[in-house]
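Make a model of the complete structure from these sequences and hints.
There are 2 protein chains.
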Amino acid sequence: MRKFLLAAVLSAAFSAPPIAAEAPKLLTPSDIVASSPASDWRRIAPKDLLVMDLAPDAAGKPRRVVIQLISAPFSQGWVDNIRKLVAARWYDGIAVVRVQDNYVAQWGDPDGEVAGKAKALPAGLKVMKDGDYAVADKSVVAAYSAGAKLKDSYASVASFRDGWPFAGSLQAIWPIHCYGAVGVGRNLSPDAGTGAELYAVIGHAPRQLDRNVAVVGRVIEGIENLSALPRGTGPLGFYEDPAQRVKLVSVRMGDEVPGLPPYEYLSTESQSFAAYAGKRANRKDDFYIQPAGGVDICNLPVPIRVVKP
Amino acid sequence: MRKFLLAAVLSAAFSAPPIAAEAPKLLTPSDIVASSPASDWRRIAPKDLLVMDLAPDAAGKPRRVVIQLISAPFSQGWVDNIRKLVAARWYDGIAVVRVQDNYVAQWGDPDGEVAGKAKALPAGLKVMKDGDYAVADKSVVAAYSAGAKLKDSYASVASFRDGWPFAGSLQAIWPIHCYGAVGVGRNLSPDAGTGAELYAVIGHAPRQLDRNVAVVGRVIEGIENLSALPRGTGPLGFYEDPAQRVKLVSVRMGDEVPGLPPYEYLSTESQSFAAYAGKRANRKDDFYIQPAGGVDICNLPVPIRVVKP
Chain A
82 MRKFLLAAVL SAAFSAPPIA AEAPKLLTPS DIVASSPASD WRRIAPKDLL
132 VMDLAPDAAG KPRRVVIQLI SAPFSQGWVD NIRKLVAARW YDGIAVVRVQ
182 DNYVAQWGDP DGEVAGKAKA LPAGLKVMKD GDYAVADKSV VAAYSAGAKL
232 KDSYASVASF RDGWPFAGSL QAIWPIHCYG AVGVGRNLSP DAGTGAELYA
282 VIGHAPRQLD RNVAVVGRVI EGIENLSALP RGTGPLGFYE DPAQRVKLVS
332 VRMGDEVPGL PPYEYLSTES QSFAAYAGKR ANRKDDFYIQ PAGGVDICNL
382 PVPIRVVKP
Chain B
82 MRKFLLAAVL SAAFSAPPIA AEAPKLLTPS DIVASSPASD WRRIAPKDLL
132 VMDLAPDAAG KPRRVVIQLI SAPFSQGWVD NIRKLVAARW YDGIAVVRVQ
182 DNYVAQWGDP DGEVAGKAKA LPAGLKVMKD GDYAVADKSV VAAYSAGAKL
232 KDSYASVASF RDGWPFAGSL QAIWPIHCYG AVGVGRNLSP DAGTGAELYA
282 VIGHAPRQLD RNVAVVGRVI EGIENLSALP RGTGPLGFYE DPAQRVKLVS
332 VRMGDEVPGL PPYEYLSTES QSFAAYAGKR ANRKDDFYIQ PAGGVDICNL
382 PVPIRVVKP
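Here the protein sequences come in this chain order: A and B. Each residue of the first sequence is one higher than the last, beginning at 82 in this note's numbering. Each residue of the second sequence is one higher than the last, beginning at 82 in this note's numbering.
None of these hints come from the bench; they were simulated from the model. Mixed in with the good hints, there may be bad ones.
Which copy is meant is left open, because identical chains are indistinguishable; a pair holds if it fits in one copy or across any two.
Result set (DSS-like, lysine-lysine): computed pairs, CA atoms no more than 25 Å apart in a straight line [claimed, not checked]:
1. Lys-230 x Lys-128
2. Lys-142 x Lys-328
3. Lys-230 x Lys-328
4. Lys-210 x Lys-365
5. Lys-230 x Lys-365
6. Lys-128 x Lys-207
7. Lys-210 x Lys-200
8. Lys-200 x Lys-165
9. Lys-207 x Lys-165
10. Lys-328 x Lys-389
11. Lys-230 x Lys-219
Bear in mind the structure is a predicted one, so any value in this text is a computation, not a measurement.
Laid out in structure tokens, this is it:
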């Protein structure tokens, strides 16, 4: 039998419903998202999207990855650098150089380490530092820490605000590394990276990277164009054969791309999100027998969808 | 620059060390595993391995996936069924039929839902039930719950024993869905699956499946032959075009496979494992600035290696 098992958790909550033998008796998280009112959704400004067109695959199929850049108060220095790098067309022609299973896919200048061949960076990039990985402003920390919190293995505060997951303590708050998170490659501290080399998480959330590397966004469409790439066989998953690298043909801001569909996220301050989160923590529908009674923050992806015409 | 960033966490702890510009000043988790004494390692009996040879890829490269079956007290009824299915060569010729991003890759009989074409199962398979997903024997629960516990978003007890991660409460213990875990496809309860349809986790740990589906093992080698497959475009990631399915050419127990290398795992009761876990929770080495102060159980993979000659 081809079973419809595991029907329950669609990674994109707005995807097609599970194939069920009969009508669901109890709402699933996807049902809640699908029936949430339009007023609970927030438009993502195209200027906050990074649209990366990779070289087509072997069959000629286009490969687009759409990334939403993170909003204030997090990582804005690196985000500004990324905007400058796009404006300078710096990313055009670089490549995915590393794919490590259950960890990251990473793109950068393949000749970055070759003396005299590294691509020159545009002028005016901000120099970021270790202290910029988290936000320590007392009033911001107090505001972010005031609401409902999830039980978390890494931090005393784990919650959502303005559509983003974050963690924190009484002293600081910071963005976190969940599946699909995009971060900034760097060398050893005090180097904190510029944003010229980026990675996306393609495995179990590597939360040990929180506060050690800058999180600058998340993949909202086309993650499979990174996560299903062949794994590199060199140390750390670097491609050993340059022919394995996947070229970034063009990287543009969303407002430069004609025909880009409009995206929106489910407000993390909405009743719909609260109901969705509650259901994710306590599945009890046709397929589920035993509700978990909890959910970790990275197993609670913020629903994102293309606006229906 | 091609940076060596993110050098820290190798998914297989015994992999090559990070490419560092200078000698490490402080031990990494991989250093601890690499320097652990031979006496801290336990051999995995070949009879407890499932060796799945998929059809070679487009370039003719062999694709082998090696799965370690879980040990008592967990899921042994399904494990017995899997042994029977292998003995009957039932799996030979079935296929990977579903790959859903950040969730699972699943294999079964592609004609299972086609009337009159479903492959007959061997006689004598055990009929499992919902109660078998967890172990409620009081003395077993007490013994498993006695040791050190990790802070967990899903359960009051989260720990390791005999090389396996598990979770639990005062009433029961159960095996968990981490990256690479192998589970049993099923229809709606009271069906609990036979073991004829299996899946491997290829994304962030879907712990909501714990106690809802049977965990029967974990992939110890070749996970990339499942995790890097193209994602299915049908509902739930099923392949819409039968040509996309990947055939299982042969599935054998490890003791039937000539030349299979000897595998071992780091004893979860060893000092080395405790030191490794402590380092995973508190990275402070060349790359890491800010130790996390915690780690979730699925971000603490049990080190597994091929025995060096």
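Exercise for the section: Could you place Lys-230 and Lys-365 in one of the four classes (within, between, both, neither) given a Cα distance threshold of 25 Å? Expected result: For Lys-230 and Lys-365, only the intra-copy Cα distance (22 Å) is at most 25 Å; the inter-copy one is 27 Å.
Problem - Alpha-carbon proximity context of Lys-230 and Lys-328, limit 25 Å - result: neither (41 Å within a copy, 45 Å between copies)
Problem - Intra- versus inter-copy proximity for Lys-365 and Lys-210 (alpha-carbon distance at most 25 Å) - result: Between copies only: 17 Å across chains, 46 Å inside a chain, cut-off 25 Å.
Practice task
Up to 25 Å between alpha-carbons, please classify Lys-328 paired with Lys-389: within, between, both or neither.
Solution key: neither (32 Å within a copy, 38 Å between copies)
Problem - Intra- versus inter-copy proximity for Lys-200 and Lys-210 (alpha-carbon distance at most 25 Å) - result: Within one copy, since 23 Å is at most 25 Å while 61 Å is not.
Handout entry: Lys-230 and Lys-128: within-copy, between-copy, both or neither at 25 Å Cα
Key = neither (31 Å within a copy, 45 Å between copies)
Practice task
Give the relationship of Lys-230 and Lys-219 under a CA distance limit of 25 Å: within one copy only, between copies only, both, or neither.
Solution key: Classified as within: same-chain Cα gap 18 Å, cross-chain 33 Å, threshold 25 Å.
Practice task
Please work out whether the CA atoms of Lys-142 and Lys-328 approach to 25 Å or closer within one copy, between two copies, in both situations, or in neither?
Solution key: Both. Shortest intra-copy (14 Å) and inter-copy (24 Å) distances satisfy the 25 Å Cα cut-off.
Problem - Intra- versus inter-subunit Cα pairing at 25 Å for Lys-200 with Lys-165 - result: within (15 Å within a copy, 59 Å between copies)
Handout entry: Intra- versus inter-subunit Cα pairing at 25 Å for Lys-128 with Lys-207
Key = within (20 Å within a copy, 58 Å between copies)
Exercise for the section: At 25 Å max between alpha carbons, let me know whether Lys-207 reaches Lys-165 within a copy, between copies, both or neither. Expected result: For Lys-207 and Lys-165, only the intra-copy Cα distance (10 Å) is at most 25 Å; the inter-copy one is 62 Å.
The structure shown violates the earlier hints numbered 1, 3 and 10.
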